[in-house]
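Position chain B against the provided structure of chain A, taking the given hints into account.
The residues making up each chain are set out below.
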Amino acid sequence: MSDRPGDADTTADPTAARVEPVAADALADDVSAASFGGYVRLWWQGIRAGELGSLPIIVGLLVIAVVFGILDDTFLTERNFTNLLLQMSAIATIAIGVVFVLLIGEIDLSVAFVSAVGGVVMTLLLRPEDPGWSWWAAILVALVCTTAIGFVQALVITKAGVPSFVVTLAGLLIWSGVVLILTTQASSVGTIRIQDETAVGIANDFLSSTAGWVVAALVVIGYALSELQNARTRRASGLYAKPIVVTVLQTVGLAAVTFAAVWYVNKDRGVPKVTVILLALLVFWSFIASRTRFGRHVYAVGGNAEASRRAGIDVDRVRIAVFMISGFMAGVGGIMLASRLRSVATNSGGGNLLLLVIASAVIGGTSLFGGVGRVVSALLGALVIASIQNGMDLLGLASGTKFVITGLVLLAAVLVDAYAKRRRAARGVV
Amino acid sequence: MATADTPLLELRGVSKAFGAVQALYRVDFEVRRGEVMALVGDNGAGKSTLVKSVVGIYPFDEGEVLYDGVSVNVHGPRDAAKLGIEVVYQDLALADNLDVVANMFLGRERARVRFVLDESSMERSARETLDSLSVTTLKSVRQTVAGLSGGQRQAVAVAKSVMWDSRLVILDEPTAALGVAQTRQVLDLVKRLAERDLGVVIVTHNLHDVFEVADRITVLRLGQRVALLERAKTTQQEVVEAITAGTLDHVPGMLEEESAEA
Chain A
1 MSDRPGDADT TADPTAARVE PVAADALADD VSAASFGGYV RLWWQGIRAG
51 ELGSLPIIVG LLVIAVVFGI LDDTFLTERN FTNLLLQMSA IATIAIGVVF
101 VLLIGEIDLS VAFVSAVGGV VMTLLLRPED PGWSWWAAIL VALVCTTAIG
151 FVQALVITKA GVPSFVVTLA GLLIWSGVVL ILTTQASSVG TIRIQDETAV
201 GIANDFLSST AGWVVAALVV IGYALSELQN ARTRRASGLY AKPIVVTVLQ
251 TVGLAAVTFA AVWYVNKDRG VPKVTVILLA LLVFWSFIAS RTRFGRHVYA
301 VGGNAEASRR AGIDVDRVRI AVFMISGFMA GVGGIMLASR LRSVATNSGG
351 GNLLLLVIAS AVIGGTSLFG GVGRVVSALL GALVIASIQN GMDLLGLASG
401 TKFVITGLVL LAAVLVDAYA KRRRAARGVV
Chain B
1 MATADTPLLE LRGVSKAFGA VQALYRVDFE VRRGEVMALV GDNGAGKSTL
51 VKSVVGIYPF DEGEVLYDGV SVNVHGPRDA AKLGIEVVYQ DLALADNLDV
101 VANMFLGRER ARVRFVLDES SMERSARETL DSLSVTTLKS VRQTVAGLSG
151 GQRQAVAVAK SVMWDSRLVI LDEPTAALGV AQTRQVLDLV KRLAERDLGV
201 VIVTHNLHDV FEVADRITVL RLGQRVALLE RAKTTQQEVV EAITAGTLDH
251 VPGMLEEESA EA
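If you read the protein sequences in the order shown, they are chains A and B.
Quick note: the first sequence, position 236, residue 236 per the working numbering, numbers continuous.
Quick note: the second sequence, position 135, residue 135 per the working numbering, numbers continuous.
You may find that some hints are simply not true.
[Said to hold, decoys possible] Here chain B is said to cover these stretches of chain A; the calculated rule only asks that three of the stretch's residues, wherever they fall, bring their Cβ under 8 Å from a Cβ of chain B:
#1 60 to 74
#2 303 to 310
#3 380 to 391
[Unchecked claim] Estimated spans, in silico, between C-beta atoms of each pair:
#4 B:82 / A:134: 48 to 54 Å
#5 B:44 / A:316: 55 to 61 Å
#6 A:163 / B:176: 49 to 55 Å
#7 A:415 / B:238: 58 to 64 Å
#8 A:229 / B:188: 37 to 43 Å
#9 B:197 / A:312: 54 to 60 Å
#10 A:229 / B:64: 49 to 55 Å
In short, the hints are calculated from the structure, not lab data.
Each residue gets a CB set at the ideal place from its N, CA and C atoms; glycine is no exception.
Next up, chain A with everything else stripped away, as it sits in the complex (with noise of 0.2 Å):
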């Protein structure tokens, strides 16, 4: 930048300025975000423009959770809610991993046989004697290889210039293949069981009620110093920064709904290991995805590849690192899909796992065009659609009136994603 002397556009000099916030009359909204009153009145204007961001996901749980209750008497009991937070976290793991997919505008449709490969290999590697491997050394095998798996699909996709879907359509067809040749070589019945008590345990075990307490309490804990943290640096170089009733109000309501989900599933099992492994995976890819350098570059290549490309960013990278993400993202919920059902069988990664894993993403509010989502959005879409489905298992729906259902909740999703589009570009917000 230039200091020259006699720069008379310049407005203050540096020395004033790093403690006091840069006098800008025209950066209104950032000022008024520094009060109570203007960061509401913000969030007020963003919302009635269609910046809804999670405000329709949580209409819907709570639309689903009194449907679902009334229709049900057991859908609201801890012992549902507890197995509720079973089915889902395999979704969401596998949905975390297609969020970064979506996000650079690509699509892997090859992540359900993707993350049975993860779940049958690492099934393989424990079988007592043949070769009867430790859960450590068979789970770090079975991730390293769908990790290659997502490499060697980048790799086509990158370096031939072949679109995602087919190459993903591709992996697909060969994945599936590749499960049931290992499935059915290895056992002539097309199951095997897993036969080792912590891979078992990794969806089937519960942590104590006093470890579900520290994990809510180290949850929040960790919210609240990470929002401090976040204003402290942005006062200290003079910036205007969120109010500090906001974030103790925002600080509240996420130990409100912690605690009180701690709660609920302490009078049941208490809270699922596999949860805890889920909510780990997503405070880190979170972390990655918003705050590097790494995360930035994915959103700009969403957003306008050959802007990134020309901003010196190494595109082809990006999107190698992405699919290996999604890769690594479906063993790991491959392993806990096996792990749940304490086997894989020759129809593991099949049915609609594929289908409800990338419904939960876009429910979630990832756009499908790129560059817009959170990851957070996989656990929000996962929760819908894992709660749905239990709700109709509830109930004892055919299998065609569930697929109908489902189908009809991810369309109104996308229905209200688009209407809200609409509304923002009806105010030029786009």
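Only chain B this time, still in chain A's reference frame:
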């Protein structure tokens, strides 16, 4: 080496051919510090090729590039950026989904502890740069670029280009998609860049813009420089004549055997 009179950027006899098409033929071009040099010409005159070759997207086939009086080889936008050459492209090269700060630091994000973004410091610098250029129409530096008007987007793109101690800013058709008031704002911005002692090249079709901001005018026609004019001593009429009928030193196609009869 570099005296006050040495042009910031000087091209000597540069050529570039794409197969049989001679996009540039022995073009001389220069821009000085604190000067706005307009680069004008009809479609296909070679303006964009010249710009892209200066930043190394296409290598020149022949000729010499002097920067600050020193011969340089630019192999890509990164090299150009290191020299302090920034291009603001016609299509702006902004990512719509990112906010103003993220766009201004795109590809050059500041980080603490290796890879964690230092948002506060970036936001602060972005604001200071926008302030120093008197960009006063933004409501928030945290709004996404998608919500900005054409003029605001152009302002962000220009501000982005001057953040990096750049010394030469090349603007490709900066006002092509803008309304009257917004064009005004962008042209003011261009003048401010030159007042900061930056070299500014403005590539444009719009002669009104040229006469508004340019100090000198280079006219390209069919890949050759047909005129170098001082704005104060020329007229729109003269520039138009140069664009449409400027005298060519070399008849296009003569290099190719098959068009010998032309």
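Do the hints match the structure? See the list:
| no. | hint | in the structure |
| --- | --- | --- |
| 1 | 60 to 74 | violated (count 0) |
| 2 | 303 to 310 | holds (count 6) |
| 3 | 380 to 391 | violated (count 0) |
| 4 | B:82 / A:134: 48 to 54 Å | holds (51 Å) |
| 5 | B:44 / A:316: 55 to 61 Å | violated (32 Å) |
| 6 | A:163 / B:176: 49 to 55 Å | violated (31 Å) |
| 7 | A:415 / B:238: 58 to 64 Å | holds (59 Å) |
| 8 | A:229 / B:188: 37 to 43 Å | holds (40 Å) |
| 9 | B:197 / A:312: 54 to 60 Å | violated (25 Å) |
| 10 | A:229 / B:64: 49 to 55 Å | holds (53 Å) |
Violated hints, listed in ascending order, are 1, 3, 5, 6 and 9; each of the other numbered hints is respected by the structure.
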